[in-house]
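> Here is how the chains run, residue by residue.
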Amino acid sequence: MRSWKQRLVPYWLLGPGLLWLLFFFVVPMYFMGELALYSGSLTSGGFEFTWAWSNFPDALSGHTEQIWRSFFYAGTATLLCLLIGYPLAYAIAFRAGRYKTLLLFAVIAPFFTTYLIRTIAWKTILSDDSPVVSALQTLSLTPEGGRVLATSGAVIAGLTYNFLPFMILPLYANLERLDMRLIEAAKDLYSDSRIAFLKVTLPLTMPGIVAGVLLTFIPAFGDYVNAQLLGGTGQAMIGNVIQSLYLNQRNYPEAAALSFLMMALILAIVIVYIRFAGTEAFMGDEDEEGA
Amino acid sequence: MLSSERSDRRATAILAVLIAAVTLALGLAACGGGGAGGGNGGETTVAEAGKAEGELVFSNWPGYIDPGKNGTIAEFEDKTGIKVDYIEDINSNDSFFGKLQPQLEQGQSGGRSLFVVADYMAEQMHDLGYLQEIEKDDLPTVFENILPSLKSPEFDPERKFSVPWQGGMTGIWVDTSKAPEIKSVNDLFDPKYKGKVTMLDELRETPALVMLAEGVDPAEASADEWLAAIDKIKSAADSGQIRRFTGNDYTEDLTAGNIVAAIGWSGDASLIENPNAEWRMPTEGCVRWSENMVIPVGAPNTAAAIAFMNFVYRPEVAADITEWVEYISPVDGVKPILEKNGSELAESEIVFPSDEFTRNCTGQNTPPELDKVNEAWQNVLTG
Amino acid sequence: MSAPARAWAWLRRNALPIYAGLAVAYMLIPIAVIAVFSFGATPKDKLTFGLDNGFTTEYWRTMFSKPELNEALITSLRLALFATLIATAIGTAMAIALVRHRFRGKRLANLLIVIPMATPEVVIGASLLSMFIYYTFALGFTTLLIAHVMFSISFVVVVVRSRLIGFDRNIEEAAADLGAGPLTTFRTVTLPLLAPGVVSAALLAFALSIDDFVISNFNSGTTVTFPLYVYGVSLRGIPVQVNAIATLLFLLAVIAVGLVLFQQRRAEKMAAVQPEAEEGGPIPLPGTAAAQ
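Note that the protein sequences, when read in sequence, are chains A, B and C. Position 233 of the first sequence, counting from 1, maps to 235 under my numbering, and the rest follow consecutively. Position 276 of the second sequence, counting from 1, maps to 291 under my numbering, and the rest follow consecutively. Position 86 of the third sequence, counting from 1, maps to 1496 under my numbering, and the rest follow consecutively.
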């Protein structure tokens, strides 16, 4: 039987965080929700609370193209991040030895130079006259028009680059605590190291992959900086739309409605994904696992 | 296992209800404010003048004043003893407004006593009750030296709440080494420049220029004519004719050689590192605009703000600013000073445009049925 | 074996490290560009990413000559430091509670942690602002700190949790069997093993804070952080000093890591030289630094 004190421990541990999130996330969200049911505009006399449920379908129908596009861009970028990041995380966890910390820092260090400066640097590297683009042109790797900037490719490349650390860090945290002996045992059992990987390593690292994918896809989905700097006409993502609705059009009700829809969409994806990948992998309730 | 699941679910429900109750309580308390409204009623405060001292927090656009130890700010600080906190945090009228609006609605300015916004934004803010008015008697230097053409604009005929800061023209920047023949906004739609052209994201500038090129007067145009111009731009955007819509950053594309032409602002020469780039007045005319110093509600130090306004209207101070910023000064008497200093700017038609030069130009007009037109425009920008 | 076959075999064995090297190089390309262009002279002292005007060290020498830039930088660093400390502490505690303990309302807590990550930054920023205004909370460093901690907590929890899952409890039980109380076990066993996850999470939180633009833009009042400053000047010409500072920050981070590594290697050397010292100490656990 657990003592009273023992049973309170989780609540003490959770308390500060939950309270913080309650006051500084949930309550503002309530304000936002209320706003989504307003109608009117700043220039025509102000906003009023009118239970304007129509804001939701209106917001959705007006911007389906950008929503699909955001899915596509964020999805592709996440996939690329996984393909690039997993081997890198693996290498750092198992083959880096004493350079482990250094390499980890090399992954995080670009963050110290500011999102904007990094992206502008890419803008230069990918500009029409740069040697990089010329090289790509001779290799016939550029999309029509012969340029890289102001295309979907540039935006996806930017997203991939900027969110790579979000993928690598959780992967690394998970890989690092993997018991090498399990992997060696697998290698002994299966003659092909590829099968050993698929049957043993991959499933064991699933929690890290789930965390990495979610941490990458979700912010990428709502991003607007990459589209703004590296994209052109026709690359706007849903984040750009919300920013425009809120700041340029001052259409707060529609902005709020669209934001809620976005959040609902992402939550739906997360829930489906967790069902698919297994609740234990994400929720990590050890008691249910029966370690 | 079963019973703990059930109690777990029950506990979840209880917690959910608790959280909902708390937020509901807080939210209901907030029902009065928190949203956006139509201004604080009819009363407009008048800014108090008086002994200018203390600290002045001044928000402006980047690159709009000469910085450094010998700059205007330093000079002002020396002469008056007022400490100026100069913040370059305005990048677009709209986003600055969006950021400040909730505070202005509550009568706060976030600590600022002075900031600079475009004509139409000043008008909008004033209509919403976000600006303070200034007594004419408190601005002697301003009214003494202001250019006659700026003394009585439509949106503020008595200059009660706005004092011009700098002005400029929106036209076409052309890379003469690549496309020297571009002379009109219509040329930007020529397929041979596909993907090599950018346009500004300002509603009152880009569609207006397109309308001018079609022979329509933006000052008199109907909502349908605005929408038609926006449609034309939309097709060009969809087809890839227009590479992208920009803010100030068209200067980067010009420098990097990504484009051959852009709709842009007359004073941006210092930002374009391309010796072949040249600003041209479109054959059909330009958009002439100006930006204004305004004092918001809740300004902590209106006396200092007013003192600053008078200060920058002294011709010698204004000349310093113009020399650095290269935009059109609202102050009379700047040109002779620059001539005396032997500055080439004195001869520049961009900095001192003659009436002849700007004969076809229009101002920053707000379209009728603003919400509808603006929405159509934003849909083009975020397509 | 013939030479090409040997070369091929060598390649296969070292494919992973080679790939890692390439990947890291990819991550550092923009840094290289930024560094190189911090040395490019420009007539108007504005960044142009071009070396046509020659090489100069002027911008490095005058790196801290712009007071607004310095102020913004210091603000960002202070903010990131505090936000990281608070968020990591809170988040780690939450992760431990969520993974290790049985309690009521776990599902709800999980939901509450996930939702902020699913919210676009514009929304978080704008909604926070409305709330601060309503309660007439002065905007500035404090509101920024609150916002930064808020959006970091979720990330910390997710990272630490992924490390905690499948954590071998046997080691802790062994420590308990050996007579260690729960707090001692936590301090000497759990925490060191958890450390890489916590450090990862802290790094992430720090990076998120230093880099944040959107949310800061809404909640900063007149306080200017480094990203806000850069955005402000980027539209009208970035002073080249910004590039120099960005490179410097990067170098400082590298130096800090170098020091840590140096420390680590010295500790290892000393352990190798004095094997007797190991007997009294804790058993080196597989996978920790001590065992390498």
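If you are wondering where the hints come from, they were derived from the structure by calculation, not from laboratory data. None of the values given here were measured: they were computed from a predicted structure. The reader is advised that the hints may include incorrect statements.
Within a straight-line C-alpha distance of at most 25 Å, the following computed SDA-like cross-link-like pairs (lysine to any residue) qualify [claimed, not checked]:
#1 LYS387/B x PHE262/A
#2 LYS387/B x GLY99/A
#3 LYS1679/C x PHE262/A
A few chain A positions that, by computed beta-carbon distances, are all more than 12 Å from chain C [what the hints assert, rightly or not]:
#4 SER56
#5 PHE74
#6 GLN139
#7 SER193
#8 LEU200
Glycine included, C-beta positions come from ideal geometry on N, C-alpha and C.
> Please go over all the hints and tell whether each is borne out by the structure.
Cross-check of the supplied hints:
As the CA atoms of LYS387/B and PHE262/A are separated by approximately 23 Å, the hinted pair is consistent with the 25 Å bound. With a CA separation close to 62 Å, the supplied pair LYS387/B and GLY99/A exceeds the 25 Å bound. For the proposed pair LYS1679/C and PHE262/A, the alpha carbon gap of about 56 Å is over 25 Å, so the pair is violated. Every beta carbon of chain C lies more than 12 Å from that of SER56/A, the smallest distance being close to 20 Å; the non-interface claim holds.
Listed as a non-interface residue, PHE74/A keeps its Cβ farther than 12 Å from every Cβ of chain C; the least gap is roughly 17 Å. With a closest Cβ-Cβ approach of about 19 Å to chain C, GLN139/A is found to remain outside the 12 Å limit, as its non-interface label requires. Under the 12 Å C-beta cut-off, the non-interface status given to SER193/A relative to chain C holds; the minimum distance is some 16 Å. Once the 12 Å rule is applied to beta carbons, LEU200/A is consistent with being away from chain C; the minimum gap is 16 Å.
Going through the hint list in order, the structure does not satisfy hints 2, 3.
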